[in-house]
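Enquirer: Chain residues, written in single-letter form:
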Amino acid sequence: MASDHIEADNAEAIIARIEHKSRKIESLLKQNKPVEALKTALEGSHQKTKDERCKSANWIVVHRAIMAIRDVDSLFFALDPEYYDILMKYLYRGLSTGDRPTCEQCLRIHEKLTEKAGLGCILRSLSDTINTSIVEIYFFPALKNTGGLAMVIIGVLRKLAILTAGWAFTHLIKIYHEEHHKVFGGFVHHGHLMKSYS
Amino acid sequence: MAAVSVHKFAECITCHAWSPDQSMLALCPNNNEVHIYKQLEQDKWERIHVLQKHDQIVSGIDWSSKSNKIVTVSHDRNSYVWNQESTEWVPTLVILRLNRAALCVQWSPKENKFAVGSGAKTVCICYYEQENNWWVSKLIRKRHDSSVTSVAWHPNNIYLATTSTDGKCRVFSTFIKGVDTREGTGSSSDAKFGEQIIQLDLSFCWAFGVKWSPSGNTLAYAGHNSMIYFVDEVGPSPLAQSVAFRDLPLRDVLYISERVVIGVGYDCSPMVFVADERGLWGFLRFLGERKPAAPSATSSSQFSEAFGKFYGQSKYGSSNDTVQPSRRRAGVHENCINCILPLNKTGDSTITRFSTSGLDGKVVIWDLQKEEDLSEYL
Chain A
1 MASDHIEADN
11 AEAIIARIEH
21 KSRKIESLLK
31 QNKPVEALKT
41 ALEGSHQKTK
51 DERCKSANWI
61 VVHRAIMAIR
71 DVDSLFFALD
81 PEYYDILMKY
91 LYRGLSTGDR
101 PTCEQCLRIH
111 EKLTEKAGLG
121 CILRSLSDTI
131 NTSIVEIYFF
141 PALKNTGGLA
151 MVIIGVLRKL
161 AILTAGWAFT
171 HLIKIYHEEH
181 HKVFGGFVHH
191 GHLMKSYS
Chain B
1 MAAVSVHKFA
11 ECITCHAWSP
21 DQSMLALCPN
31 NNEVHIYKQL
41 EQDKWERIHV
51 LQKHDQIVSG
61 IDWSSKSNKI
71 VTVSHDRNSY
81 VWNQESTEWV
91 PTLVILRLNR
101 AALCVQWSPK
111 ENKFAVGSGA
121 KTVCICYYEQ
131 ENNWWVSKLI
141 RKRHDSSVTS
151 VAWHPNNIYL
161 ATTSTDGKCR
171 VFSTFIKGVD
181 TREGTGSSSD
191 AKFGEQIIQL
201 DLSFCWAFGV
211 KWSPSGNTLA
221 YAGHNSMIYF
231 VDEVGPSPLA
241 QSVAFRDLPL
251 RDVLYISERV
261 VIGVGYDCSP
271 MVFVADERGL
281 WGFLRFLGER
291 KPAAPSATSS
301 SQFSEAFGKF
311 YGQSKYGSSN
321 DTVQPSRRRA
331 GVHENCINCI
341 LPLNKTGDST
351 ITRFSTSGLD
361 GKVVIWDLQK
371 EEDLSEYL
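Chains A and B, in that order, are what the protein sequence lines are.
Take the first sequence: its position 154, counted from the start at 1, is 154 in the UniProt record's numbering, and no numbers get skipped.
Take the second sequence: its position 189, counted from the start at 1, is 189 in the UniProt record's numbering, and no numbers get skipped.
Keep in mind the hints are simulated off the structure, nothing from the lab.
By construction, the Cβ of each residue, glycine as well, lies at the ideal position given by its N, Cα and C atoms.
Certain hints may be false.
[Stated by the list, open to error] Estimated spans, in silico, between C-beta atoms of each pair:
#1 A:Glu36 x B:Gly279: 32 to 40 Å
#2 A:Glu36 x B:Ser237: 35 to 43 Å
#3 A:Leu95 x B:Glu41: 54 to 62 Å
[To be verified] Partial list, computed: chain A residues near chain B (C-beta under 7 Å):
#4 Ala117
#5 Gly118
#6 Gly120
#7 Leu123
#8 Arg124
#9 Ser127
Chain B extracted, bound-state conformation (with noise of 0.2 Å):
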């Protein structure tokens, strides 16, 4: 069983995340909290803080590795980020200069830039700014005609991914003056601050997840049509693939290493995706036991097993008891899994474990060194 441990902290997580040394977790319970927990021993935690301080649901949660910084955003509009003195975790307000709400936030990979992606149709940059002692939003407006789904930062620092429900994946420059240097990063970094490097027009529906390889040299993203792409060389002229696939779509995905991705989404269960040796991707299976979908018999019993799934659905979160014998598959989420983080042991560039939350109020750590087939590709 690739689930090694097994959590419900809420009725229903938004999104979670992890401190540096992965004993702490903070996740959003669906509301405009956010709660600190330590694990104690094996399956159990502590709740030791609540941060309040948004006002409406609390949209995404990054905390930075190297600085124990939190940053959260939420759908009032703003942003802060918390620091720790002594036992407190202490706000300071950033002023995304938004109308709509955020959506989600990543810390860069130097973690002195942060991006938050939002419902008016911007991408805000934050930065510190010493002399003021204050965060800066610097917005990359006019780009996306819809909603901005999900950032994720290229190793470089610079370059930022987006995906939108505009079907669209784009990727930007975001060198800020003063905040970062051109030496080092090649000749990559030549583009100026909300230049858009590249647009990646494959999805005709919402898309969701984007996520660098650990190399920045691929991505991949997700599309609401059930489908994911890779796309290759990114720059100016890509190689794409689109993988369909037979379940429901994915919300988020995840590099493992270059050549396996998971995928999360609506199906409950993640979907492994790796590449051959020639770089094609596909399907390989589904990870967490699963029960093979078995065809009913009579009309009239899919009928009364598609109504309990509306029933069951319906009441969202309580007990399932009344469904749980027309469950097609037994999975360790009951619902839609709308985060996925990777869990780095310490001192290994390599990914082995990885967590993911849900709608179902679960977080559920994964281990892939047990599974054996996928081990050629890690």
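Pulled out of the complex, with its shape left as it was, chain A reads as follows (with noise of 0.2 Å):
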């Protein structure tokens, strides 16, 4: 009951900030910065969520950034490499689309993608199945609590490395620790909704 609970309130708190974001991009794509525009949309995208409805809000959200990118080549003059692991996922869900239109922009952007970052990008985006994205582990470390799991996090997460590496970046880690994560599991799932949402 009380999962279920939480569940649809991060459902509610996830379509506000997609709502938000969706504004965001629009006003970016008027003041024609589309790279700019797609980097707010791929930034924290891809919650741990179930709820098919913030998924496809979601993607509703990427793919009108997706489209709005005119040259691919100054795409990635711009884009960061942390970027390009969660887009080239996001290039895979518009392939599936079928959509002519769709797949035409993604494959355009795919052929460069993968230059760029190579066949491991690929490989991560295709083994990435529990929706868990190395973006949203470093911009909101707090919501890496996965789900009804409950888990210690014990994580130093270090931005300097993430700045400087470039690729190389240390992140979080999760380790059961057997007698005493029941104690902590509920606490630190009540702390990050506090600290994500409010």
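Could you fit the two chains together into a complex? Lean on the hints.
Expert: In structure tokens, the structure reads:
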């Protein structure tokens, strides 16, 4: 019961955030900043949620930003490597729609992205089945509590590492602490809700 | 050129191991046999023994450096310990009590135990019982959610790290009463047999090739999503770094020193990862000659290139002449590398040489001594 309630709250909050993001993207597109719009769309876009409504709302926003890209070369001039994996994931989502203009656009970007980020990037986007993305981890560390699973997060976030090392970054570590994990589980969960949405 | 010796032994090699003095090489040519080769001179090898006892593919070989014993494990779910008596290798059966294939094996540093990872979601710790004249297998059950792909012993002879296709890397205590002693290992050895010290939940897909650094302070393992993970201060509050790279995933890793790791895998060329002075790991470069990937001008040629690649792989191990012109890069290995082992000179603790074997049937020996850009890390 309790977890259902939290899930519903969560979904509402995510939808609200997506709406806010959508407005921001529209204004960026009006100012003729498609790359900035795409970055905004990709940032924190991949919530851990099972709610299909959230997922499709998210996709609509990202799709809008992807379709607004005109010059693919200048896109990669401005897009930082930390966005590559998540962008690749959305390109495959776009290809799966079967919609002709979407597929054409996704293929155009896909070619350049593969050249830039290599096959490793494709493998990461294919293997990322749990919906957890790197972007999520370092932009919203507190959100990275995987749903009902009670886990303790002992994490050290080195922003410095992300900024200086580019591809190489330090991120969170989850370990099961056999005796204590139940004690901490609920606490972390409430904590992250407060922190992220208030 | 970092590769000092290349020799093709078979169509395909599943695993290999070196004798203590590195004059002999044991390998499995992708069948139920283990072949032992002796080096006569540079690039001239003679097959001196064939160990035939397993019924199915031999998936793991380890040759102990002090006691000169060979342990082999196979998909037939059994393990043999081979002892050299005069000129013959005499097998002793070790019943692992598994219901799935054994996948990997390693002798512990003191060589009084060996660990076997299996497809039965269990790890076997085997030790010799003097009074029964028998190898006993003790299982670590119900800890892994999937196959155990690799095992690695901590230098303290107690801790064992495992990777699994459930994506996790775990460290267990393997303390066995009567075999191990508490003294000399400090507080770390209070844990009982099979107790989990830590579970690392970094990868979301298959994990492979765990190794400890020479000091045992850090460990590294590879994920099937083209990531390599480095974990410092393995214990209650570990520190992890994930490094994503742009090429195909790794199958095995090897610590050359505390600051250099070689990764091998589906990309056919060994990759060098180094830690800078702040301890941050990153990809440095490939080993072996490598032409930069030339982007093709037209999409049609790209298609034929991809087609040629698939076609070449389906012929698998046979002559690669037809696909040679379209190969993306000319590496030493022509297929996935799945095994990497250190080669120590006797009396020298630093590793500068190592050997790799893979699905192309070659065993390649690499030397890092002439790689000047790496000397500062060694």
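Enquirer: Now tell me, hint by hint, if it's right for this structure.
Expert: Cross-check of the supplied hints:
no.: 1; hint: A:Glu36 x B:Gly279: 32 to 40 Å; result: 34 Å, holds
no.: 2; hint: A:Glu36 x B:Ser237: 35 to 43 Å; result: 38 Å, holds
no.: 3; hint: A:Leu95 x B:Glu41: 54 to 62 Å; result: 56 Å, holds
no.: 4; hint: Ala117; result: 6 Å, holds
no.: 5; hint: Gly118; result: 3 Å, holds
no.: 6; hint: Gly120; result: 3 Å, holds
no.: 7; hint: Leu123; result: 5 Å, holds
no.: 8; hint: Arg124; result: 4 Å, holds
no.: 9; hint: Ser127; result: 4 Å, holds
The structure is consistent with each of the numbered hints, conforming to all of them.
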